[in-house]
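Visitor: Place chains B, C and D with the ligands on chain A using the hints.
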Amino acid sequence: MHTPRVCKILKIESEAENIKTIYFKDRRISRRIVPGQFIMVWIPGVDEIPMGVSHIGLNSELAITVEAVGEATERLCSLKEGDVIGVRGPYGRGFSNPGLNNLVIGGGTGMAPLIPLIELCVREGVKVNVLLGGRSLNRTPFIEKLSSIFKSTPSSFRVTTEDGSYGYRGLVTDLLEEIVLKNNFERVYACGPELMLRKIYEYSIERKLPLEVSLERYIKCGVGVCGSCYIGPYRVCVEGPVFKINELEKIRDVFGEWTRDAAGRLISLK
Amino acid sequence: MHTPRVCKILKIESEAENIKTIYFKDRRISRRIVPGQFIMVWIPGVDEIPMGVSHIGLNSELAITVEAVGEATERLCSLKEGDVIGVRGPYGRGFSNPGLNNLVIGGGTGMAPLIPLIELCVREGVKVNVLLGGRSLNRTPFIEKLSSIFKSTPSSFRVTTEDGSYGYRGLVTDLLEEIVLKNNFERVYACGPELMLRKIYEYSIERKLPLEVSLERYIKCGVGVCGSCYIGPYRVCVEGPVFKINELEKIRDVFGEWTRDAAGRLISLK
Amino acid sequence: MASLEIVLGSIRLANPVIIASGILGTTAEGIKLLYDMGAGAVVTKTTTLKSKPGNPNPTVVSTPSGLLNSMGLPNPGIEEMSREVAAACSEGVPVIGSVAGSSINEFIEVAKRFEETGVVGVELNISCPHEKVGLIGQDCRLTYQVVKSVKDSIKTPVIVKLTPNVTDIVEIALEAEKAGADALTAINTVKGMAIDVNTGYPILGNRFGGLSGPAIKPIAVRCVYEIYESGVKIPIIGVGGISNWRDALEFFMAGASAIQIGTALMKGYQVIEKIKRGLIRYMKKNKLENLNQIIGLSHKRC
Amino acid sequence: MASLEIVLGSIRLANPVIIASGILGTTAEGIKLLYDMGAGAVVTKTTTLKSKPGNPNPTVVSTPSGLLNSMGLPNPGIEEMSREVAAACSEGVPVIGSVAGSSINEFIEVAKRFEETGVVGVELNISCPHEKVGLIGQDCRLTYQVVKSVKDSIKTPVIVKLTPNVTDIVEIALEAEKAGADALTAINTVKGMAIDVNTGYPILGNRFGGLSGPAIKPIAVRCVYEIYESGVKIPIIGVGGISNWRDALEFFMAGASAIQIGTALMKGYQVIEKIKRGLIRYMKKNKLENLNQIIGLSHKRC
Ligand SMILES: Cc1cc2nc3c(=O)[nH]c(=O)nc-3n(C[C@H](O)[C@H](O)[C@H](O)COP(=O)(O)OP(=O)(O)OC[C@H]3O[C@@H](n4cnc5c(N)ncnc54)[C@H](O)[C@@H]3O)c2cc1C
Ligand SMILES: Cc1cc2nc3c(=O)[nH]c(=O)nc-3n(C[C@H](O)[C@H](O)[C@H](O)COP(=O)(O)OP(=O)(O)OC[C@H]3O[C@@H](n4cnc5c(N)ncnc54)[C@H](O)[C@@H]3O)c2cc1C
Ligand SMILES: Cc1cc2nc3c(=O)[nH]c(=O)nc-3n(C[C@H](O)[C@H](O)[C@H](O)COP(=O)(O)O)c2cc1C
Ligand SMILES: Cc1cc2nc3c(=O)[nH]c(=O)nc-3n(C[C@H](O)[C@H](O)[C@H](O)COP(=O)(O)O)c2cc1C
Ligand code: FES
Ligand code: FES
Chain A
0 MHTPRVCKIL KIESEAENIK TIYFKDRRIS RRIVPGQFIM VWIPGVDEIP MGVSHIGLNS
60 ELAITVEAVG EATERLCSLK EGDVIGVRGP YGRGFSNPGL NNLVIGGGTG MAPLIPLIEL
120 CVREGVKVNV LLGGRSLNRT PFIEKLSSIF KSTPSSFRVT TEDGSYGYRG LVTDLLEEIV
180 LKNNFERVYA CGPELMLRKI YEYSIERKLP LEVSLERYIK CGVGVCGSCY IGPYRVCVEG
240 PVFKINELEK IRDVFGEWTR DAAGRLISLK
Chain B
0 MHTPRVCKIL KIESEAENIK TIYFKDRRIS RRIVPGQFIM VWIPGVDEIP MGVSHIGLNS
60 ELAITVEAVG EATERLCSLK EGDVIGVRGP YGRGFSNPGL NNLVIGGGTG MAPLIPLIEL
120 CVREGVKVNV LLGGRSLNRT PFIEKLSSIF KSTPSSFRVT TEDGSYGYRG LVTDLLEEIV
180 LKNNFERVYA CGPELMLRKI YEYSIERKLP LEVSLERYIK CGVGVCGSCY IGPYRVCVEG
240 PVFKINELEK IRDVFGEWTR DAAGRLISLK
Chain C
0 MASLEIVLGS IRLANPVIIA SGILGTTAEG IKLLYDMGAG AVVTKTTTLK SKPGNPNPTV
60 VSTPSGLLNS MGLPNPGIEE MSREVAAACS EGVPVIGSVA GSSINEFIEV AKRFEETGVV
120 GVELNISCPH EKVGLIGQDC RLTYQVVKSV KDSIKTPVIV KLTPNVTDIV EIALEAEKAG
180 ADALTAINTV KGMAIDVNTG YPILGNRFGG LSGPAIKPIA VRCVYEIYES GVKIPIIGVG
240 GISNWRDALE FFMAGASAIQ IGTALMKGYQ VIEKIKRGLI RYMKKNKLEN LNQIIGLSHK
300 RC
Chain D
0 MASLEIVLGS IRLANPVIIA SGILGTTAEG IKLLYDMGAG AVVTKTTTLK SKPGNPNPTV
60 VSTPSGLLNS MGLPNPGIEE MSREVAAACS EGVPVIGSVA GSSINEFIEV AKRFEETGVV
120 GVELNISCPH EKVGLIGQDC RLTYQVVKSV KDSIKTPVIV KLTPNVTDIV EIALEAEKAG
180 ADALTAINTV KGMAIDVNTG YPILGNRFGG LSGPAIKPIA VRCVYEIYES GVKIPIIGVG
240 GISNWRDALE FFMAGASAIQ IGTALMKGYQ VIEKIKRGLI RYMKKNKLEN LNQIIGLSHK
300 RC
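Protein chains in written order, with numbering that gives the first Met the number 0: chain A, 0 to 269; chain B, 0 to 269; chain C, 0 to 301; chain D, 0 to 301.
Quick caveat, the hints were computed from the structure, so don't treat them as lab data. Keep in mind the model is a prediction, meaning the values are calculated, not measured. Heads up, some of the hints might be wrong.
[Said to hold, decoys possible] Listed next, the stretches of chain B that the computed footprint assigns to chain D, with coverage defined by at least 3 CB atoms under 8 Å from CB atoms of chain D: (1) 0-10; (2) 32-44; (3) 223-237; (4) 259-266.
[To be verified] Residues from chain C that face chain A, not an exhaustive set, calculated with beta carbons under 10 Å: (5) Ile22; (6) Thr62; (7) Met80; (8) Ala178.
Glycine is no exception: its CB is placed at the ideal position from the N, C-alpha and C atoms.
Chain A on its own, in the form it takes in the complex (with noise of 0.2 Å):
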């Protein structure tokens, strides 16, 4: 059950700079897995390590989203078309369904586990807003996917990069306000770096809106037994990676301050 299923890679898309998307099948995991949902990602004689699903597809067919920002994701991004990786999960709680009208922001990556969401909203023909931001044109995943997902409602994706190479010139959180005055959401999804999570949970308690972000912390066993990834009394392997507001409010004093190492060390986020 919680033994990784080895499967062979069937495609590989490189999604910007050190980013890759890799295509695999695992019916146990798609059979279960909700949008949000992460798995657990074993590159044989490397590691094993947390990743989102960025795409779930027919036929058992799914995908994670890589960035290369250490051994083993480095490794992963190198592998080719017919090398195998093992998985296990579906873990943890995914995003809730969708509303009539859904905002959904993602930083850089982060972008990954809300794909999927934003398929659903579109195959269940309710109402979806993007923000992606990014640190650059060549360094952003998903702008192309996403404006081809939104080639009929162009003005329902936007794009921010911190050197203005695309899109708006600064961060997601700029363009927040004037998105959310505009409409009435019934459900608001954000991933990406903690800080930038931060922010919108902030203006989301001012503004009473209906925020569901996804955390990251050290993931070991996955399954919620070794306390490796507690943020205060929550596991994100279990009771995350997803949190709803209230459940963050319970956490404000660690989410987007601290997190812990391999170790279970504090190490500050700022």
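Guide: Only chains B, C and D with the ligands this time, still in chain A's reference frame:
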């Protein structure tokens, strides 16, 4: 699964000298058992022994009928209402479904696993002739029980005793020919001392009767792994205890000739 | 009436369901939550002097009715851990500090620091099957030395956690008692491994790991029974594969005075209250007033 | 093309699926049937000089993913057993005679008698966890003595069956090799027990028993891996919890040259052919010609 489930003794009935019927409840056995299958009965601190099931009632009620022949059976016979035993099973293959006209032959306590089969015949409204053999009136169980079942068709139930203290004086096999000639049996079932069964077998071969007999060997595991209960290539606990005439053919060298003790030593049955 | 209160030497707990070391006892809030969920006490993640990142992932893999783990004792070091533990203790949680080290001095130092935080006891982890500390619990002399040294250095009760990966667990248990241990915990995980047959790789980053969960229950019950049978006078804490109140009873009857649960928490925190409720129901049905009435019962049955 | 043939020293088997000792190998007809059902070889029930009735029932009880047994080596004695075995051998069945005894002379005597029947090998059971013989396999010196004495007395290959109930199985494996063993079987059952919580009685008549089945697979794989890793030159036969071809592969990759199955036969004789078919399919898919290509594979992966 193969762990004794401890249950209270609900009722005890004396069937004959040294023979008692012990009632208890067990859902797992009750839901699966077919007449002729056996169970393992644990007397805590004493032994665990194989027993046929002599009553399959409503509400998971079951019974075993035990003849005191040694330590375990004596202890079982000395238990009182409210005492506990452990049971696991059902094990092995039971009798096949009755046909339209059936003959049931029991020798002494060997009648025990045949009682539920007889009751099944009566319930289903198919014809059944019963032949019960014993040493003497007070050492033969089930006479009363069967007489009351066959109140309206007394001629279908015949008893033989060796000392003539009840019914016909002699052996069940003495009456066999008479009954067989008057009927066209679709099934003949028998259980009792192996030498009696062997005789019935020889006769059945001659007459081409569709015989099934229930045999006994030393049972330890009950689940087909220990090799204690072999009779030829068959394990009594899995392929038995009920064997059809074509199977008996394959073990004609041992059936009624040899058994094995707890150590696996060959013991002559003669 | 039926009370779950138990006494382990000088440690008195409201109920016998203790959270095993390495199971979620890593932070103050985590420890507090386990207590709020009904635990009688919480053993911390095993702590060393300096921080340790633990072994590379995968550190956990399922096996039939069990879990193999090779966490590798990740912990933030006693400095940081003692802050977490102090916070939990100050809220009234009975915490047991799990101690390990690569030298006797390290054991002493970590135990002392735990003592300062107000723990109700320390548990010496000399039994992790995939770490060096595990070697201590496989050797009578080392066991004696480590236990004796820690006993001589602190006043807090010292519990010694034993490994089943030995020829004779009784021998080690007696040695720990002789060295002054106040209680014994049996058992830590059983050394095992799992291989992925698609790639040939051992699955765990560390290759070897420790088996826990229902698979090891018969081994753990046997160990507790053997230790109790040997005439050890100090209380035994039973652990290994306990998932429900029947499992817990099995350990009490084998001779345990309290139990720990680990892997069963995978199914959710409710398992704690479920075990307690089951025990209470059983005690009422059998007109028992306290658990002492059944501790070691099986030994009278043979 | 893909062949399941394997070689264990001088023993050549058409396939690597051997029936473990104590599993149905009690009579000539039983042994023959197992062979007809596809087994590569059949190990007999462990046999002693004189007949033994075994322990009182219950001798078997289920546990999570496993079976506890305390059969107590019931057997009709070598006199009768050798007649059964000779009959099986004369029909061409590769039989391995499992030997035990309460003295070195008894081991020698039983082994010699087996040799006369035409067995392809004898397997010394020095590892039954609930019997006295089990003490031999927990001691280097005794292991050496028993193995050496038997080796010196017969020409038939001698396989030594090891117990996991030791601090270090490698130590014993090396000792057996030094004494001349031709192959090693790992593992016998793990010592355990089960208690009935309604009555407090240990369930097994003998109280203690040996745990087998999927529950112990991670322990068995670890033992095989450790022994192979130690540089032992003689082949290892892997056993413990194998229920399907994937389990079998795990053992080959850990370093086993053949496997034995026991508890899995509870599900029926077909498990033998299923394992063989699975292995063949796997070999074809991976373009392997023989099992040697994957034996010990995991050791190259680290
Ligand atoms: C629920 C969840 C979902 C995630 N989804 C994605 C995703 O869709 N795409 C993506 O690119 N990344 C995702 N991540 C982050 C990803 O797991 C890390 O980037 C990756 O583990 C880094 O491993 P590394 O060996 O390459 O880097 P390292 O050099 O080992 O470390 C780089 C950073 O990653 C962190 N990290 C390392 N191992 C882990 C671990 N086991 N658990 C958590 N953090 C770790 C380190 O603490 C450090 O901050 C997710 C993380 C979590 C917790
Ligand atoms: C499938 C089957 C169904 C049976 N059904 C009934 C029944 O309905 N009623 C009934 O009274 N008896 C039944 N028996 C027989 C019953 O199991 C034995 O009489 C009982 O085991 C004797 O145990 P003891 O300790 O009293 O006698 P012991 O003094 O131990 O032995 C007396 C005789 O019983 C045999 N025996 C002992 N233990 C076992 C065992 N574990 N398995 C098989 N034989 C054993 C001995 O070999 C000896 O021949 C059945 C046996 C089998 C195999
Ligand atoms: C993920 C995990 C981590 C563990 N970490 C430790 C530890 O740090 N120290 C320790 O003494 N035991 C540790 N153990 C062992 C447990 O405390 C316990 O002894 C073992 O798991 C058996 O109990 P269980 O079957 O209830 O899990 C760990 C077990 C697991 C599953
Ligand atoms: C009922 C039973 C009887 C056994 N008898 C013996 C025996 O006589 N001699 C022996 O060496 N091993 C004996 N064993 C151990 C098995 O041979 C094997 O080592 C063990 O069961 C692990 O394999 P498994 O998990 O495939 O059953 C027995 C096991 C069982 C379950
Ligand atoms: S990663 Fe182990 S508890 Fe969450
Ligand atoms: S009693 Fe064990 S095989 Fe039948």
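Visitor: Would the stated hint for C:Met80 survive a check requiring a Cβ distance to chain A of less than 10 Å?
Guide: Hint holds; C:Met80 Cβ to chain A Cβ min 8 Å, cut 10 Å.
Visitor: Tell me whether the statement that chain D covers the stretch 32-44 of chain B is true, taking a Cβ distance below 8 Å and needing three residues at minimum.
Guide: holds (count 4)
Visitor: Please verify that hint: C:Ile22, Cβ, nearest Cβ of chain A, below 10 Å or not.
Guide: Because about 5 Å separates C:Ile22 from the closest Cβ in chain A, which is inside the 10 Å limit, the hint holds.
Visitor: Mind taking a look at whether chain D covers the stretch 0-10 of chain B? Criterion is 3 or more residues with CB to CB distance under 8 Å.
Guide: Since 5 is at least three, the answer is holds.
Visitor: For the hint on C:Ala178, does the least C-beta distance to chain A fall short of 10 Å?
Guide: This interface hint is violated because 30 Å lies over the 10 Å limit.
Visitor: Does the interface hint hold: is C:Thr62 within less than 10 Å of chain A, judged Cβ to Cβ?
Guide: At about 8 Å, which falls below the 10 Å cut-off, the nearest Cβ of chain A leaves the hint on C:Thr62 intact, so it holds.
Visitor: Can you take a look at whether the stretch 259-266 of chain B is actually covered by chain D? Rule is 3+ residues, C-beta closer than 8 Å.
Guide: Contact hint for the stretch 259-266 of chain B vs chain D: holds, 7 residues under 8 Å.
Visitor: Between the stretch 223-237 of chain B and chain D, see if three or more residues pass the 8 Å beta-carbon test, and mark the coverage as holds or violated.
Guide: Contact hint for the stretch 223-237 of chain B vs chain D: holds, 9 residues under 8 Å.
Violated hint for the displayed structure: number 8, the only one.
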